[in-house]
Amino acid sequence: MSTINQRPVSNTPIAYGLMSLSPTMGVINGMEVALEFEGALIEGNRKSILGVTDVSCFASFGIKGTEAASWLMSQSIQIPMNRNTWVEHEGYLVLRLGGSEFLIEGQYSEDQYSHEIFEKLARFNQATVAGVYKVQRADAAFILSGSEVLNMLSELCMLDLRDSALASNTLVMTQLASISAILLRHQLNGEQVYRVWCDGTYGAYMWNMLLEVARELGGGAVGLASHFRGTHK
Amino acid sequence: MKLLNCPMNGLRPLGEFIYGGEYREMPNPNNSSDLEWASYVHYRDNAPGVKKEWWFHSPSGTWFIAERNTLSDEVLNTYLFGKAPFPKNENLSDGKLGDEKNTELSA
Amino acid sequence: MSYQNKDNMRLAKKIGEWIDRDKVIKFSFEGEDYTGYEGDTITSALWANGVKVLGRSFKYHRARGVLSLANHDVNILVTDGVDTNIRADVVTLQSGMTLKVVNTEGGVVNDKKKIIDSISALLPVGFYYKAFHSPAVLFPFWEKFIRKAAGLGVVNFNYPRITQRKLNAYCDVLVIGAGPSGLSAALMAASNGLEVILVDENQQLGGSLVYDRAGGNAAKEMLDELSVKMAETPNIKVYTGSYAAGYYADHMVPIVTAKGITKVRAKTVIAATGAFEQPPVFRHNDLPGVMLGSAAQRLIYRYGVKPFNTCVVVTANAHGYRVALDLLNAGCTVVALVDMRAEADRDQYVGELARKGVKIYSSYCVYEALPSKSKLGVRGVTICPFDEKNGTSNTANSITLDCDGIAMSAGWAPAAALLYQSGMGVRFDNDIQQFVPNSLPNGIFAAGKVNGVYNIKQRGLDGMRAAAAALQYLGKSVETINVDHHQGASPSHFYPIVMHPKGKNFVDFDEDIAVKDFINAAQEGFDNIELMKRFTTVGMGPSQGKHSNMNAIRILAKIRNLPVEKIGTTTARPFFHPTPFGHLGGRSFHAHRLTTIHMWHKAANAVFVDVGAWSRPAYYQKSGLSRIETLQQEAIAVRQSVGIIDGGTLGKIEVCGPDAGLFLERFYTGKYIDQKVGTTRYALMLDESGVIVDDGIASRLAEQLFYLTVSTSNAAAVYREMQRWLQIWQLNVGLVNVTGAYGLINIAGPKSRDVLAKLVDIELSEANFPIGSALETQILGFSARIIRVGFVANLAYEIHMPSAQALNAWKALMQSGVKEGIRPFGTDTQRLLRLELGHHMPGYDTDGLTIPYEVGAEHALAMDKPFFVGQRSLQIIAKKPRNKILVSFVLPLDYSSEMPQDCNLVIDDGVIKGRVTSVSYSPAAKCVIGLAYVHPTQNQLGATFEIRTDNGSLAKATIVKTPFFNAE
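Protein chains in written order, with this note's numbering: chain A, 241 to 473; chain B, 34 to 140; chain C, 1351 to 2318.
Heads up, some of the hints might be wrong.
[Stated by the list, open to error] To give an idea of the interface, some chain B residues facing chain A are shown, with a C-beta separation under 7 Å as derived from the structure:
#1 M41
#2 P46
#3 E49
#4 S65
#5 P92
FYI, nobody ran anything at the bench for these hints, they're computed from the structure.
Glycine included, every Cβ here is placed at the ideal spot set by N, Cα and C.
For reference, chain A alone in the conformation it holds in the complex:
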């Protein structure tokens, strides 16, 4: 595991929810996260039924304002053209939250991981760009995988999230387990998963709720390594 520099390692926003599970921890992007809970066999099985993975360590950058879209384009970042949609491009996701706010998230795949983009974004100085404001992000971010995901979501969310109702490039800002969250469905290493983001201070709560339901449905906690085995250096 490598840290970016000498700065101290931070905790995932769900750290309090991990205390009783004692997973194998690792540091990614300067954040200590759970890499493995139970070993590949059990986690592989969970993942196929209902896996919950904490990916709060993914690099993320938020921006909003009337000129945010044009500034991002000027930085050669591909953005979704319609509100509440998203695009995936060379190792990062760009979510358009409403009309004029964006969340850009690096995907964990170090081979194609777009460091450059985030380095460029990190240099953003809102004092020099009119109508563009940085949105400091500290989301708890999750991957939900497996055959029972919709079963879980039908309890935690009132919206119809089936393929027929949630278009593939659409994101929804809704309530999940009674708190505000962003939700979308995408392909990860060839399998369909759902992604969830919520305020990091609700992270431990969200993690516990997701796990509670997942366990009832035959799934459970899945470490980051399970999803990125092979791509992980």
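Chain A is fixed; fit chains B and C onto it per the hints.
Frame of chain A; chains B and C shown alone:
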């Protein structure tokens, strides 16, 4: 649970919204009488009928106006403030009223 | 010894029966062992064993057996272990059930409380209201006895918390009821490509097609045909053994299953909910062995159980004839068919029954059922000529027939609860003697019996008609289907009520309400249906009037000499059947927020307190110290050296852009446009009426960047109001809520500068970084915003960092402050510390009416600005006299009487003048200090006022200046 159409996010269950009270046209504070101002602040006629109401879609942070018949609880129309057949607020003389750049705010 | 007769009533296997005879289930009932089959309900298994006394009625403890077998046999409630009030008529038999009947004393057969039945004449309806309420002083005495008699079952206080999942589901068409109409509707909708959910409370599909066969095969063949089509149609999701519990706005219908609730959001709803069979009313119509015709049919065809050995069928419609044929088919001896109607001989089944040797008594009624000697069953009936027009019976010509049971069919009441809830308007159709839909809300359709369609072929067609209408509503182009209006005799009788001088002719079996109770109620003046319902309690029992409301309406109509439609109906509210709390509760979603430092607090023995959704340390428990002692020690550490508190819960908002200063000047009471970068200003927020909402600090970090901190509990609401005003004002401003994204640590006390200095590269001296300064720097290599604040101590710093780094910063500060004895403190201590400095807190020292003038906040009001929220109202309020003002007070140094509490009143000569808002012993001031509202005339430095403490004693308080102690 009732459904409400957020102009930015579409049809959502009422649980995602916070009610923001009846929309009222603010009288010009500089030349309204004490009585007119007090009426604006405190008086609601509470008569059933079509009302303009503020509603807030909580997960996205979207304020909007809903025209609702409070007798039948039927929502006739929803739109962002200043984005629909709606009288502009022109009572405040200073500042940059009428600039619509910020109507698509989200959280 | 048992009085139950124990005949084997199980029939040979019936085609289509719901039981699996290969799977024998053992269970016990009232201490005796029995067997049944998988698929039996508790009641069907007991009846098959010849057990007919299944329960006791609520009020008179009369023996009861089967009535409907359709979830309104509410006298048959049983207990199995921790579960009570199990409805035996519909609950599926489980292996090992140990069943006891509720509401008995000494068992169902020998219930000692049956004595109440013999004195029932002394207990008319309204008896309790009248007998025990005067004199009022005696009511508590009587109440004990009434409470013991009231209610069913025993609450088990050790009942485990069993919650079920509450799910959401979606469909184009929700069809409620899987009888011929519902099945036809679902199939038609699905075959046109719609996504259909079909729900039925019974364990299997088919509705009356399963059991209403008139001794023939036509119904079964129709069901088979529909079942084949169902199996071939993939886009129908079927919920059996589940009920649609209610109708909610925008077509949401919760479906209650054994496993939980599924809230279905449908685009359209088709109610094919059918009708409840209604009993005719005659003396002893409640004895075990007297049951509805449809109940007898259900026993035969669903469970292969013979309802009676020898029976009489009493009817007032064609259905009774069908029942008689089914009974013959099951091997019962039908002694007679008694038809209350004058034109009975026109019925299509008369010839068939006559051929099979059943004697038909037309224009006759059952005058009374004759109880067996034990009063636990039927030994015969007395029938006599009946004039249906006048409802009179000619007892001079009565005949007595021997039998062990009676099947009753007098008519139907639509199962229209959900339609009523959706906003249906009704009319009364005299041709069928039934309320039918007159107007239905958009997207709601009715089909079948609930829609007044009884002919079996027409019912299927009516389902298709409703489906076509639903398809058209959804924009599909299909042809309209028409259904014929009802032809022939009415399926329901207009007045199937037989008077008897000795009463016991029951209308409502839940609450033992007989005809004379209605007459008494009307005489007492309760002659409106809603009043009558409440006085007699008709329809208020567990079955909610499903078998009683229609007869009650007819009786009231007769009493008042009005047509039935003028009487109207009562409201049927959700839930359709009683639903367990565990279903209603579902999973608990108590969202809570934690700062990233929470783990550290936990390890340091913090005692947590909920502040909104947040969990915050109130203080850090030290062994051997009380809460108060701990608070005082934490406060002393801040005053003498340095303390540290996690303020990550505070609201944090960035206000950016060219108009940021202008925006804040409109939103808050102060001035910000001319605020210098690197400084802070107080921010007081009012509502439009001039009342204080919140306060905080505005730090100008850059020309176009203000960083606002607002109080924890108001953070979300303040941000929301900012968003709203920004939309209205249309200023060039960006708002960013970073409450969760930034951590906040406050270190306070004389040594706080020394502790912080070790971690930052900036000069923190008083000259360089005085109170009211703010800047951005780095701590541990991460950006940090440092603000010099003075809320809890004169020397204190807020450190704002990305929340992922807050714990590291906290640990670094703790490490840095080891020598200085740095000590964490919680919110309880924080409240004491700010009180010592004399700071009031919105929401704590103010309420929903407090204006700035009442808390001495005039300094914060820039009344010369063009506009701020609340300004115009303040201009009006300023002209009016004040009636309270917040002052700082101390109690004498040697004060040792009752400690005043928050909210104790300020009393002057017996008159309330104000109240205490904050009070505490201050270790720094070494006396009791506080804030209180007093009358403005009392407000003079050094003046005294009196606080009435909890024990009534008066504490003399002196008004002083703040801070309360001599700061450094």
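Hints, verified against the model:
no.	hint	result
1	M41	holds, 5 Å
2	P46	holds, 5 Å
3	E49	holds, 6 Å
4	S65	violated, 33 Å
5	P92	holds, 4 Å
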